[in-house]
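Engineer: Here is how the chains run, residue by residue.
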Amino acid sequence: MTDASITDNPPPVQARRDIAPLLLVPALVIVSLPLVGSPASWLTLTVAGLAMGLMIFVMASGLTLTFGLMDVLNFGHGAFIAVGAFVAASVMLAMGPWMASDSLWLNLAAVAPAVLAAMALSGALGWGFERVIVKPVYGQHLKQILVTMGGLIVAEQLLKVVWGPDQITLTRPPALRGAFIIGDVAIEKYRVLAVAVGLVVFVAMQLVLSRTRIGLLVRAGVENSEMVEALGYRIRRVFVGVFVVGSALAGLGGALWALYQETVTAAIGAQVMVLIFIVIIIGGLGSVGGCFVGALLVGLVANYVGFLAPKVALGSNILLMALILLWRPQGLYPVAKR
Amino acid sequence: MAEPLLSLRGVETHIGRYHILHGVAFDVPEGGLTMLLGRNGAGKTTTLRTIMGLWRASAGEVRFDGRDITRLQTADIARLGIAYVPESMAIFADLTVQENLVLAARGGPPRSERLDRIFARFPALKRFWTLPAGLLSGGQKQMLAVARAIIEPRRLLLIDEPTKGLAPAIIANMIEAFRELKDSESTLLVVEQNFAFARRLGDTVAVMDDGRTVHSDTMQTFAADTALQQHLLGLGMDTHQ
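Heads up: the sequence lines are chains A and B, in that order. Last residue of the first sequence? That's 931 in the working numbering, and every number before it is there in order. Last residue of the second sequence? That's 629 in the working numbering, and every number before it is there in order.
Hints in this document: simulated from the structure, not taken from any laboratory.
Derived DEER-like restraints, expressed as beta-carbon distance ranges:
no., chain 1, residue 1, chain 2, residue 2, range
1, A, W698, B, L523, 44 to 52 Å
2, B, G404, A, V785, 49 to 57 Å
3, B, G496, A, A717, 30 to 38 Å
4, B, D456, A, A713, 38 to 46 Å
5, B, H410, A, S803, 45 to 53 Å
On the chain B side, residues computed to face chain A include the following (Cβ under 7 Å):
no., residue
6, A463
7, Y472
8, D482
9, E487
10, G522
Note that beta-carbon positions come from the ideal geometry of N, C-alpha and C, so glycine has one too.
If we strip away everything but chain B, and leave its shape as in the complex, we get (with noise of 0.2 Å):
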């Protein structure tokens, strides 16, 4: 079996006197998106954290591409090929929507050929080229937060709750914005809490619960038993929209 792009094993994370992560462990593939999906609190964010080196494990070992990057720093991390985009989006709202995309660009200015693919994907960003990001809608700021992670080729991509408050024709935007970068260049983990687009786009699949990890599987395997899906998540995937 061909080793996994980013794999987590015994990883625990302490944020103040809290233990949040109990001995996360699972694979991500290469090449494709995986879902990491679990309750409120089952410590999601922690984990896509924890992995950019946001919040430094206390245990436990995370591997990129076989080396060792759990005690590097974030911005160490971020140049190995990982774009992180937050559950906030964390837009720089006092930039314009351009300035935004120049910073992430650390090996210079954007390639014309990637803004005309970003620009057909999410024309709103054209338009508001010359706009402090802060004035943009909801939809327009996620649009511009993944734009921002793939300004440049990344190998993979860290997405926490994508679709969280957006509408459903910028969902739709955003399943075929993904499809099109792990068919293309980039390998996703995605936390989501929306199943249906969690159903339609993951390839694999891992569940937390109170900091753990307690199933990984694919999702063609894990969207079919829904009684599993019942035990681990509370509710089944078909009952959520």
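For reference, chain A alone in the conformation it holds in the complex (with noise of 0.2 Å):
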């Protein structure tokens, strides 16, 4: 055997990480001062597009993974969305005296346990779904197209049957109204909070993914799924936990949209649909660093394109999309495939 100690050795060497995608966060931010004039404006479409891009986030991050794991497009993911705002505008005007009250504590002693039952019957739908209409066509990416949008349409239908065709008007609760006054600078309380859960969700994701040996191993099958099973793990268990969880995480930002919009109806996730698919085609399929940035970049776009030019602003995302993959073709951070 080579008699070769450590000591022998060149120092260890270190990766350089891939931080240009990543400044194009701020780079956005800065280039849009100046076009938007107005510090105040610039600050408040800012918050307003970190919120809705971390919303997006929460609600993407779980489709991306399950993608990445499997190969499965699934576009029901948006049903998990709209049940997740209909759980928790249920539980929200169910408690009604509470979400009125001037107390913070009694305010959130009402949307926790909504957002805790929009998470926990989202991520059992998603457990039902993954095991009636997915496992079949694992695989099979035109059948999953057709049968997850299939069951979109019939979710979208029974929640009309359960909650009625009409849309549900939701009130924010006091302590989550108006809004921080800093100089002329006004920011919705409701994004600081929103800005909160989402990053708190990527800092958890991040940790689960890179400390724990589940989250190597969803790493790991992301890239190379067949490898995983031959090192003698079970990859499609680890795929059901992936899809139970991002169905969850799609609960929370379907709550978290709900409150935001403060009216639930039942195409509520197939119309955020089309912006979760462009933040993980932007991100690299996948990649949730990647979808991290993405949803970023599309918030912050939405909103500010949406000050500067309303008329463009509906196609500002899918212009952003079309130019980022002529600068990375398999998104901001692919994902290394077999």
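Put the two chains together into one complex, using the hints given.
Structural biologist: Right, here's the structure in full:
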């Protein structure tokens, strides 16, 4: 055996991080300042963009992982968002007095169980959706698109059966209404909460993915699920777990989105799915970090363009996606697939 | 005669509508290194993947340590103590060298004496310990792929073309590593196109052609029969380095 002690070796080599995509976010924020003109408007738009981006990230992160792990195109992901929104709205409406109270703690005591119930039911629905709808069509992309789209339509109609065809109007509790006023800048309280929740989800996901064995399994499975199996791990169990967690996060995102818009309709999930698909394509399919950066870019661009040129706001995210794919055709942080 | 560790009998494999293996049959004796030789397209890789459960055998039987594993899932086959190093190496490029090895050690964190042995054989892995594996050179990736397979003791290693595209110095290192493994703890089944490598390491040999096993023998006997090599492989083992 070669006698090569570590002291004979050159020092360990460290990797250089690819930060160019990450720098796009501050670059976009800085470039937009002279375009918007007023620093107060710019700051308000920036916070709004970050809040919108992070809510989309919460909804999209599970979808990008399920695609990366098992190549599953789940167009039904919007159903989990809608279920989360309806369940959260129902719980909050049922706790009307606490929601209307001026006490921050009573407001939180109404919102927290609503969010937890939304996550629990969306997660449970995700488990059933995977077992009944997705499992029979592993590896068959066309069938996945058709059957998951069908699942979304059925779910939307079932929501109308359970909650009725009319939209539900939701009023934020007093603690989450209004804005923080700093000088002549107004920053909506709810947007600050949305940013905080989104950051907590992102940091928690990064910690799980980088510090735990299950996180390693997910990252490895996104690259090469077959090799993960050959190492003795049952990748489908990992996938089901990720699907359930991703659905629960979609439910959380749905609850946040419902409170943000203050109205809930059966189409709430389908409406936001276009943005979610743009985000996961921009980020690189299967990449949580890419999904995070992509979501921030989409949120910021939507708000800046909506202010500067409202007529092109609808197409601005498609244009953003096209520009990013011209730069990096596999997305900002492409996953090294086998 | 002792029971072989691995035996294949009449194994047939279809990939889609293509019939790739047509009744493959050979034994892998315990404690040695069996070389699986054959021309390109003979079905060697498909045979390894069928043993590992990555392709499903449509007929026939694969037995490991006396147990029929033909219908087991890949993960269950791996848990019996079979490790697989594919031709593509299939290292996880976005994971660091450390993370690749931690993941491969199913029983918990890799044991330090095991790691020391691996680092002594493949020092580059220690140097690039925290580097994403995708940034390694081809030879270093092959080292990592082999290290991943042996991070815990395995009874059988299935290795597909370990010397493909590697520099001679790294091939020499691989030869020593495989020799150590077969002398100490594992049985190896290696697919190889490098006949010099095959002859130096192999104890037994199985030759495939057109999805069938056409010859099984000891490597010593096979290496001495140039005419048979010409007939089965299209060239002699002496003519290829």
